[in-house]
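Participant: Here is how the chains run, residue by residue.
Protein chains: 2
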Amino acid sequence: MSGVHVLPLEGIAEMTPGDDLGRALGDAVERAGGLRDGDVLVVAQKLVSKAEGRVERADDPVRVILREARAVRRRRGDLVIAETEHGFVCASAGVDRSNAPGDGWLVLLPRDPDASAAGIRAALGERFGTAPAVVVSDSFGRAWRQGTTDVAIGVSGMAPLLDLRGTRDARGYELRSTVVAVADELAGAAELVMGKARGVPAALVRGYRVPAGDGSARELVMPPERDLFR
Amino acid sequence: MSGVHVLPLEGIAEMTPGDDLGRALGDAVERAGGLRDGDVLVVAQKLVSKAEGRVERADDPVRVILREARAVRRRRGDLVIAETEHGFVCASAGVDRSNAPGDGWLVLLPRDPDASAAGIRAALGERFGTAPAVVVSDSFGRAWRQGTTDVAIGVSGMAPLLDLRGTRDARGYELRSTVVAVADELAGAAELVMGKARGVPAALVRGYRVPAGDGSARELVMPPERDLFR
Chain A
1 MSGVHVLPLE GIAEMTPGDD LGRALGDAVE RAGGLRDGDV LVVAQKLVSK AEGRVERADD
61 PVRVILREAR AVRRRRGDLV IAETEHGFVC ASAGVDRSNA PGDGWLVLLP RDPDASAAGI
121 RAALGERFGT APAVVVSDSF GRAWRQGTTD VAIGVSGMAP LLDLRGTRDA RGYELRSTVV
181 AVADELAGAA ELVMGKARGV PAALVRGYRV PAGDGSAREL VMPPERDLFR
Chain B
1 MSGVHVLPLE GIAEMTPGDD LGRALGDAVE RAGGLRDGDV LVVAQKLVSK AEGRVERADD
61 PVRVILREAR AVRRRRGDLV IAETEHGFVC ASAGVDRSNA PGDGWLVLLP RDPDASAAGI
121 RAALGERFGT APAVVVSDSF GRAWRQGTTD VAIGVSGMAP LLDLRGTRDA RGYELRSTVV
181 AVADELAGAA ELVMGKARGV PAALVRGYRV PAGDGSAREL VMPPERDLFR
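From first to last, the protein sequence lines are chains A and B.
At position 68 of the first sequence the residue is numbered 68 (the working numbering), and the sequence of numbers has no breaks.
At position 222 of the second sequence the residue is numbered 222 (the working numbering), and the sequence of numbers has no breaks.
Bear in mind the hints are in silico, worked out from the structure with no lab data behind them.
Anything over 10 Å on all C-beta distances counts as not near chain A; from chain B, calculated: (1) ASP20; (2) GLY26; (3) ASP27; (4) GLU30; (5) VAL55; (6) VAL64; (7) GLU85; (8) ASP112; (9) ALA123.
Which stretches of chain A does chain B cover? Using the computed rule of at least three CB atoms under 8 Å from a CB of chain B, they are: (10) 3-9; (11) 76-84; (12) 131-144; (13) 148-158; (14) 178-191; (15) 208-221.
The structure presented is a predicted model; accordingly, all values stated were derived computationally and were not measured.
We put the beta carbon where it would ideally sit given N, CA and C, even for glycine.
The following block holds chain A by itself, in its conformation from the complex (with noise of 0.2 Å):
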């Protein structure tokens, strides 16, 4: 069937530090009915975060935020909008306290993102004998617009902008500035199917193809000089 497939991978157990995330994505993707040429794996930060030990209990959130950020951006109270180590602007530099392991405890970003998804997708391409390109995903809010969407905080085995400057349009015309952002459109399309309620922390994106290279999340970070909508 033609279109593009987002399967949730279910059963996922909880992670706790050291545990085998890659045999774990790997099972579920079994249970899915295996791995396809092209595939994309998504799988939510706080499930890659737990597994890396990248957890911690606080008494003061506030204290732990400010130390994860490498800039507070913006800040109202506990409101604290921070630019991460990795360079991502959002809310508590993603330190998150839903669905954390326990009562007083936080959940981390992934020290390397684009290193989690690289260990992910090596694991699931020895085991399948077809490597899928990983995308590690978090709920970001946005400046002008209410509401969250998922992003790729993390990528392996793609890159994760698809550049079409110099492509024509269908009359013939030359597009301009158009540079997609189809790492964070696979994280919001797997965001459909994932829920932070529902318990589903991965899923299989099918039928997309991918833009090829070996590239970072980081990519998507806006250069200050030139980022018009801050």
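Dock chain B against chain A, hints included.
Facilitator: Only chain B this time, still in chain A's reference frame:
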């Protein structure tokens, strides 16, 4: 099959002012096998605008952009980040030259994209006996992040935001600050099969249960006093 399926709607001809967009979309849906209960139709703003005659020949695009803007938020030469009459903040107030009807022509945003969506929804509901939720989409740049993603500028037959406040996570903890802009994620998912250069101006999203309600895409506009990201 479980999961969410995004089907491209192909073979839709260019629209000129006064063309029957509902019929053209209905024909494309029929070619794709018809409509099912719960389907979401995503249609590119440009197609809608052309059918509605929101095109204009202009020697000075910046003049048109400034006229279409309710407020200019940022400006660097000809690059204008503007708030549209609808409240959306985007490049050039949504005015675009690519995929325009001809050289020197511009495509403007629909005057009332929710009404555009409602019209399409009614036409398809009458034809197929089940009315899809409809999203009118456009490609917007973002603050802090590189690249555009497709977002919703008009909706009908759904609430654009999924409000999970008060919902509990898998461990029983209440989720905080969890309002998901699912209409934007639907638009982004559809973009994966549409694409500016591929001439596919619409898609069906099947298998996603939209938040019930008769909402407006204007709910996606963040009230300034609550916007910490801008």
